[in-house]
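S.K.: Given the coordinates of chain A, work out where chain B should sit on it, guided by the hints.
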Amino acid sequence: MLEISHVSMAYANGKIKAVDDLSLTLKAGEIFGFLGANGAGKTTTIKMVTGILPIKSGSISICGHDITKDPIGAKQNFGFVPDSPIIFDKYTGREYVDFLGDIYGVSMDDRKRISADLLKRFSLEEAFDKRISGYSHGMKQKIAIIGALIHSPSLWILDEPMMGLDPPSAFALKELMKEHKAQGKTVFFSTHVLDVAEKICDRVAIISKGKLVLCGDMDELKRAQGDESLEEIFMSVAGGSDE
Amino acid sequence: MSNYLSVLKAMFKNKLRFSEGKSKRSVIGFLCLIGASYALVMAILLSVVVEFGRMFNNPQTQIEIPTMNVSFYFFILLTAAGIVLFFGIISLITTLYLSKDTDFYSVLPIKQSKVFAAKLSFVYISETVIVAAIVLPIMIAFGAVIKAWAWYYVISLLMLAIIPAMPLVLAAIVAIPVMFIASKVKHRSAVALAFYTLLFGGFFGAYLYFVFASTDSSVSPEEIEKAMSGALGIMYAFYPYTALSMSVFGVSSYGLGVGASTAVNLLIFIGSSAALLVILMLAAKFMYTQSVKANNQTNNATAKKGEFKSSSAIKALMKREYISSFRTVQVAYQCYAVMILPIIISVAFSIVFGNMIKDINSVGVGFDTRFFTMCIMCALMAMIATTGNAASTTFSREGKAISSLKILPVDIRGILKSKLLAWMAIGVPVSAIAVVIVNVMNFDLQLTLLSVFSLIPLSAVFIVFGALWDLSAPKLKWTDPSQAIKHNGHVTIGQLICIGSGMAVMTVMFILFFNDVPMNIILPVCWTLIYAILVIFGVVDILLYRRVDEYYKRIEI
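Sequence order for the protein chains is A and B. So for the first sequence, the working numbering puts the first residue at 8; every next one is plus one. So for the second sequence, the working numbering puts the first residue at 780; every next one is plus one.
Keep in mind that the hints are not guaranteed to be accurate.
To be verified - Partial pick of chain B residues on the chain A-facing surface, computed with a CB cut under 8 angstroms:
no.	residue
1	K1084
2	G1085
3	F1087
4	S1090
5	A1095
6	S1103
7	R1106
8	S1182
9	I1186
10	L1187
11	P1188
Stated by the list, open to error - Okay, derived cross-link-like pairs now, EDC-like style, lysine to aspartate or glutamate, Cα gap no bigger than 16 angstroms in a straight line:
no.	chain 1	residue 1	chain 2	residue 2
12	A	K76	B	D1328
13	A	K76	B	E1329
14	A	K63	B	E1329
15	A	K137	B	E1086
16	B	K1332	A	D77
17	B	K1083	A	E133
No wet-lab data here; the hints were simulated from the structure. Model, not experiment: these values are computed from the prediction. Quick reminder that beta carbons are idealized off the backbone N, C-alpha and C, glycines included.
One chain only, chain A, in its complex shape (with noise of 0.2 angstroms):
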């Protein structure tokens, strides 16, 4: 589904490695947590999947198709939501939806279909066509996510997904993600919170400093490190700040 081959990201002239060789496979029917602390380079990672950064050396690949030589195909199989929604503020949230659809060739019905159940489950319903600048944070991460779901991509691929959302809406975004896995696609996203990451994720990936420092089965890891708690396993290998 998705495949990361030794991919690294430099700024500063190279002195200063975000990314630093990481290597990473996901299959099909899985929710995999990316876990590292602020600055760990999940952020310039998830970028490079998702094309906002170009790949300096190494490859990633979305269904098949290689990210930076076929990046249309790569991307019509994914669907985006950012750690800070920064989507068309001016669009409606009907409008802005509407406008992913017809990138992504969505048919008029799977659009109404599609966007009243996510909308319902949200509560989304009377914002939906008032502009998004008018939105709280919370509201454009949920109009983030019902645009990133909206052509029923193979991967979903989130950056920090719980931030800014209420419990009813936190709630129903992790069945969204079981309900994705149950599909037979993927769920790729990072985050902070690793209680989340537990009680969901099939498998867990940790970077520190750009390097890949662990990468497995919850229940291998917890077996490996002692039936230890994921935080306690984060702490022992990636625990600190990388900033």
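M.R.: What follows is chain B alone, placed relative to chain A:
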């Protein structure tokens, strides 16, 4: 430092500072461009003033000099009022009503009255600076030409700060209903845009007509005197300016001597300006209070239920381009309202030159009218840049949202295509309308064919040039979308290139014409030049287009 001064200082810093990360070179380059544009405008204005001054003081013209000097000085003040009125309305609305910092200041431990006072001072000082920059050199030049006394300069300088009072009151009076209408309707920017366009078009058109009609060399001094006396109505309407004009020239009035009437006139000007300032403060206070009130109200109104509308990816991106530019008032103004300029130029110049040709032909001079038509074409060519303003900032206006574009399954060529189509769909028809107007009003088959097949494509290649150039180095770091346009070299340089091209062709034409080269030779030379410019733009477009992938890839947020 008092809170009032701190807020005022913050506002000026915010307005004048360049974006972080701008190199010293680019700042200097930008300032040079601004300086060059200013020098160009001033050169035109000063030449008009000098011509008038000479005409008034030419003993052969037999004009009553003091009357003409007072009238002309009054018209300089009126020009200042027009400038302040035009910029003042926009400034008052954006600073006091549509300001984005209202929330920010309301949480600070500063009295609202002090914030208001700082904001009003900001508007007033900004307008005074604009007046000083444009009107003061004109006043000095006029004074020098007519050999005015020292008194003229002293009073002109001292009264400069009071001149904006009257137009700013008018601006507030106009801005209040606009603000009310805008607050009541769904599409605020549409109201503001329509208003700005009318204001801009009306002001610019009237000004052009006035300047060119009154600089018409075929008009006799008697006719000018008649026209000036016909303008007495305006002089009564703006009596404080008339009073100031009379006082700088020491004109006797009200049956008093020179000294007494000068003092009375000065008192009238200062007194009425003080009264107007009080009115301005009340009006501005009202606008600011409304803004604070509107900010404190939560928008709980239920929105009308919309419908999904399907379209292709390119059309969806085009729609997005229009929506995002149209729904921010300042951006909409910069993108759309300025496009009216080529049309105004074509109408105003055609009328003015048409009258001129009529006058010349009436005395039996066999003047080749194609000369004037070519002048209009060159002016139009210079103004075609305005149709590309929106395209030259199309990537800069994306700001951080450019990352949202990058994750879409549409490549840069598709995105570029949508942006170009969006702006060509408006810019090219605008140029076409302007060209058609000129040709209808000054028909000549050869010129019609040449202009249709050169100026309209020129507008298209210029739009492409603007968008590609912006893509090569977009200004993405901003907090307010209007900052993507302000201080954006792509707009200024683009405009200067167009103005320069138009002026270059016009200069060649003038040189040839005044060296008695027949129009049958001048026209092919000029059109060859225009086509050469078109080809150069086309080649540059192709070269830039070849590198779009590289440009897009290197954009990082």
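S.K.: Holds or violated: is the Cβ of S1182/B closer than 8 angstroms to a Cβ in chain A?
M.R.: holds, 5 angstroms
S.K.: Decide if the proposed pair is consistent with the structure: K76/A and E1329/B, CA atoms, cutoff 16 angstroms inclusive.
M.R.: holds, 14 angstroms
S.K.: Hint check: K76/A vs D1328/B, CA-CA at most 16 angstroms. Holds or violated?
M.R.: This hinted pair holds, its Cα atoms lying about 12 angstroms apart.
S.K.: At a threshold of 8 angstroms, is the proposed contact between I1186/B and chain A supported by beta-carbon distances?
M.R.: holds, 5 angstroms
S.K.: With a cut-off of 8 angstroms, does the beta carbon of L1187/B approach a beta carbon of chain A closely enough for the hint to hold?
M.R.: At 5 angstroms from the nearest chain A Cβ, L1187/B passes the 8 angstroms test, so the hint holds.
S.K.: Could you check if R1106/B really has its C-beta closer than 8 angstroms to a C-beta on chain A?
M.R.: holds, 4 angstroms
S.K.: Below or equal to 16 angstroms on CA atoms is what counts here, so check K137/A against E1086/B.
M.R.: holds, 13 angstroms
S.K.: Min Cβ distance, P1188/B to chain A: is it shorter than 8 angstroms?
M.R.: At about 4 angstroms, which falls below the 8 angstroms cut-off, the nearest Cβ of chain A leaves the hint on P1188/B intact, so it holds.
S.K.: So, A1095/B near chain A? Judge it on the closest CB pair being under 8 angstroms.
M.R.: holds, 3 angstroms
S.K.: Given K1084/B as an interface hint, is its Cβ closer than 8 angstroms to any Cβ of chain A?
M.R.: holds, 6 angstroms
S.K.: Hey, does the S1090/B contact hint survive, CB to chain A under 8 angstroms?
M.R.: Since chain A brings a Cβ to about 5 angstroms from S1090/B, closer than 8 angstroms, the hint holds.
S.K.: With 8 angstroms as the cut and Cβ atoms as the points, is G1085/B at the interface with chain A?
M.R.: Holds, because the Cβ-Cβ distance from G1085/B to chain A comes to roughly 5 angstroms (cut-off 8 angstroms).
Hint check: no violations occur; every hint is consistent with the structure.
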